[in-house]
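J.: These protein sequence lines are chains A and B, in that order. Under this note's numbering, the residue at position 76 of the first sequence is numbered 76, and the numbers go up by one with no gaps. For this note's numbering, add 1000 to where a residue sits in the second sequence, where the first one is 1.
Quick caveat, the hints were computed from the structure, so don't treat them as lab data. These numbers were taken from a predicted model, which means no experiment stands behind them. One or more hints might be untrue.
Said to hold, decoys possible - Derived PhoX-like pairs (lysine-lysine); straight-line CA-CA distance at most 25 angstroms:
no., chain 1, residue 1, chain 2, residue 2
1, A, Lys134, B, Lys1134
2, B, Lys1006, A, Lys134
3, B, Lys1006, A, Lys127
4, B, Lys1044, B, Lys1069
5, B, Lys1122, B, Lys1044
6, A, Lys69, A, Lys44
7, B, Lys1114, B, Lys1134
8, A, Lys28, A, Lys45
9, B, Lys1134, A, Lys122
10, B, Lys1069, A, Lys127
11, A, Lys44, A, Lys28
12, A, Lys127, B, Lys1044
13, A, Lys69, A, Lys122
14, B, Lys1045, A, Lys127
15, A, Lys122, B, Lys1045
16, A, Lys134, B, Lys1127
17, B, Lys1028, A, Lys134
18, B, Lys1127, A, Lys114
19, B, Lys1028, A, Lys127
20, A, Lys69, B, Lys1127
21, A, Lys134, A, Lys114
22, B, Lys1045, A, Lys114
23, B, Lys1114, A, Lys114
24, A, Lys69, B, Lys1134
25, B, Lys1028, A, Lys69
To be verified - Sample of chain A residues lacking proximity to chain B, with all beta carbon distances greater than 10 angstroms (derived):
no., residue
26, Thr7
27, Leu39
28, Arg43
29, Asp94
30, Gly98
31, His126
What the hints assert, rightly or not - Ranges between beta-carbon positions, derived for each pair:
no., chain 1, residue 1, chain 2, residue 2, range
32, A, Lys69, B, Glu1133, 14 to 22 angstroms
33, B, Ala1118, A, Tyr55, 35 to 43 angstroms
34, B, Glu1076, A, Ala29, 56 to 64 angstroms
35, A, Ala52, B, Gly1031, 47 to 55 angstroms
36, B, His1088, A, Glu27, 34 to 42 angstroms
Think of the CB as a built atom: it goes at the ideal place given N, C-alpha and C, for glycine as much as any other residue.
Protein chains: 2
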Amino acid sequence: MSAFEKTFRERGISLTSSRLALFSVLEKARGHLTVDEILSRARKKDRTLGLATVYRTLNLLCALGLIEKHEFPNMEATYERVSETEHHHHHIIDVRSGAITEFSADELDVVLEKIAAAYGYKMQGHKIEIYGEKIILDEASPKGKV
Amino acid sequence: MSAFEKTFRERGISLTSSRLALFSVLEKARGHLTVDEILSRARKKDRTLGLATVYRTLNLLCALGLIEKHEFPNMEATYERVSETEHHHHHIIDVRSGAITEFSADELDVVLEKIAAAYGYKMQGHKIEIYGEKIILDEASPKGKV
DNA sequence: TATTTATTGAGAAAGATTATCATTCTCAAT
DNA sequence: ATTGAGAATGATAATCTTTCTCAATAAATA
């Protein structure tokens, strides 16, 4: 039984064939998926799956903390499974290609909690995004600025 | 002459009455403004200002680095003047009220540059968001979990 | 002031997400 | 296995934000 299915059973939330098809897609996938990718992959398992159900289920899974939604500037929204074993991570966004690289920085997380506390807040979540461009060594015609 | 106007002159970009009206709104405003707030305030100066022009001008100012666009989850996009004197800052978002608090953390910026470099990136920008709820002392009926 | 080009406003269009609603499905209790 | 109540679904309409189109206008330069 999948981790998603387990959570649904524990919470007494209905398990439907639509949801099982989506669970399978999201649990198998590596990295970030757009809504259209999720829909088309899940339709291979459940031919009649509707777009509205995809959105509803993604919202439900986000609310349960089983997946995360990412919205980077000028990109389609993507969804990603929250790993039970791996640590929370953040993202480097390549401003040229849109490529996403993940990194962890638990020591930063601690600093952010302290900042939140200093302003009278209990931190519940946080997000760090780095925008940059890949450093290319041995580039034929360097563009200066380095 | 406003800082925005100065930049436009230096770069040889046309100064129109639409743009001047928007400059005035954005330079006077404290904090974050939505597109509708910007439009309605600017219409007091330029009665015929159109929505498309607001979007076009905001995009232009973002590209010039004179303002920043912020898109927090489940909230309308907002725009904020980039100060020439104050440091780059980040945001704490109150998950209950949506209130935004700003904080600076230059020491974190340095750490992020190093992380970027470790992954082969030259950092060009970054974003830190803390989500949390206000700690209320002396609350009549605490909700546990503390 | 004339000329050239960029900018504008209005509305259409696009894209993403949510709402509506009649039908279908799930699941606990029979 | 069957049933019944409520939850979930798919199709599509509706909404919301942002961009596009294009004829008319305004800005900058000569």
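J.: Are the hints correct? Go through all of them and say.
T.: How the hints compare with the structure:
no., hint, result
1, A:Lys134 / B:Lys1134, "violated, 39 angstroms"
2, B:Lys1006 / A:Lys134, "violated, 33 angstroms"
3, B:Lys1006 / A:Lys127, "violated, 35 angstroms"
4, B:Lys1044 / B:Lys1069, "holds, 23 angstroms"
5, B:Lys1122 / B:Lys1044, "violated, 43 angstroms"
6, A:Lys69 / A:Lys44, "holds, 23 angstroms"
7, B:Lys1114 / B:Lys1134, "violated, 32 angstroms"
8, A:Lys28 / A:Lys45, "holds, 13 angstroms"
9, B:Lys1134 / A:Lys122, "holds, 6 angstroms"
10, B:Lys1069 / A:Lys127, "holds, 16 angstroms"
11, A:Lys44 / A:Lys28, "holds, 14 angstroms"
12, A:Lys127 / B:Lys1044, "violated, 38 angstroms"
13, A:Lys69 / A:Lys122, "holds, 22 angstroms"
14, B:Lys1045 / A:Lys127, "violated, 38 angstroms"
15, A:Lys122 / B:Lys1045, "violated, 42 angstroms"
16, A:Lys134 / B:Lys1127, "holds, 18 angstroms"
17, B:Lys1028 / A:Lys134, "violated, 38 angstroms"
18, B:Lys1127 / A:Lys114, "holds, 18 angstroms"
19, B:Lys1028 / A:Lys127, "violated, 30 angstroms"
20, A:Lys69 / B:Lys1127, "holds, 16 angstroms"
21, A:Lys134 / A:Lys114, "violated, 32 angstroms"
22, B:Lys1045 / A:Lys114, "violated, 44 angstroms"
23, B:Lys1114 / A:Lys114, "holds, 21 angstroms"
24, A:Lys69 / B:Lys1134, "holds, 24 angstroms"
25, B:Lys1028 / A:Lys69, "violated, 35 angstroms"
26, Thr7, "holds, 19 angstroms"
27, Leu39, "holds, 22 angstroms"
28, Arg43, "holds, 27 angstroms"
29, Asp94, "violated, 7 angstroms"
30, Gly98, "holds, 13 angstroms"
31, His126, "violated, 5 angstroms"
32, A:Lys69 / B:Glu1133: 14 to 22 angstroms, "holds, 20 angstroms"
33, B:Ala1118 / A:Tyr55: 35 to 43 angstroms, "holds, 37 angstroms"
34, B:Glu1076 / A:Ala29: 56 to 64 angstroms, "violated, 31 angstroms"
35, A:Ala52 / B:Gly1031: 47 to 55 angstroms, "violated, 36 angstroms"
36, B:His1088 / A:Glu27: 34 to 42 angstroms, "holds, 39 angstroms"
This entry does not satisfy hints 1, 2, 3, 5, 7, 12, 14, 15, 17, 19, 21, 22, 25, 29, 31, 34 and 35, going by the numbered hints stated previously.
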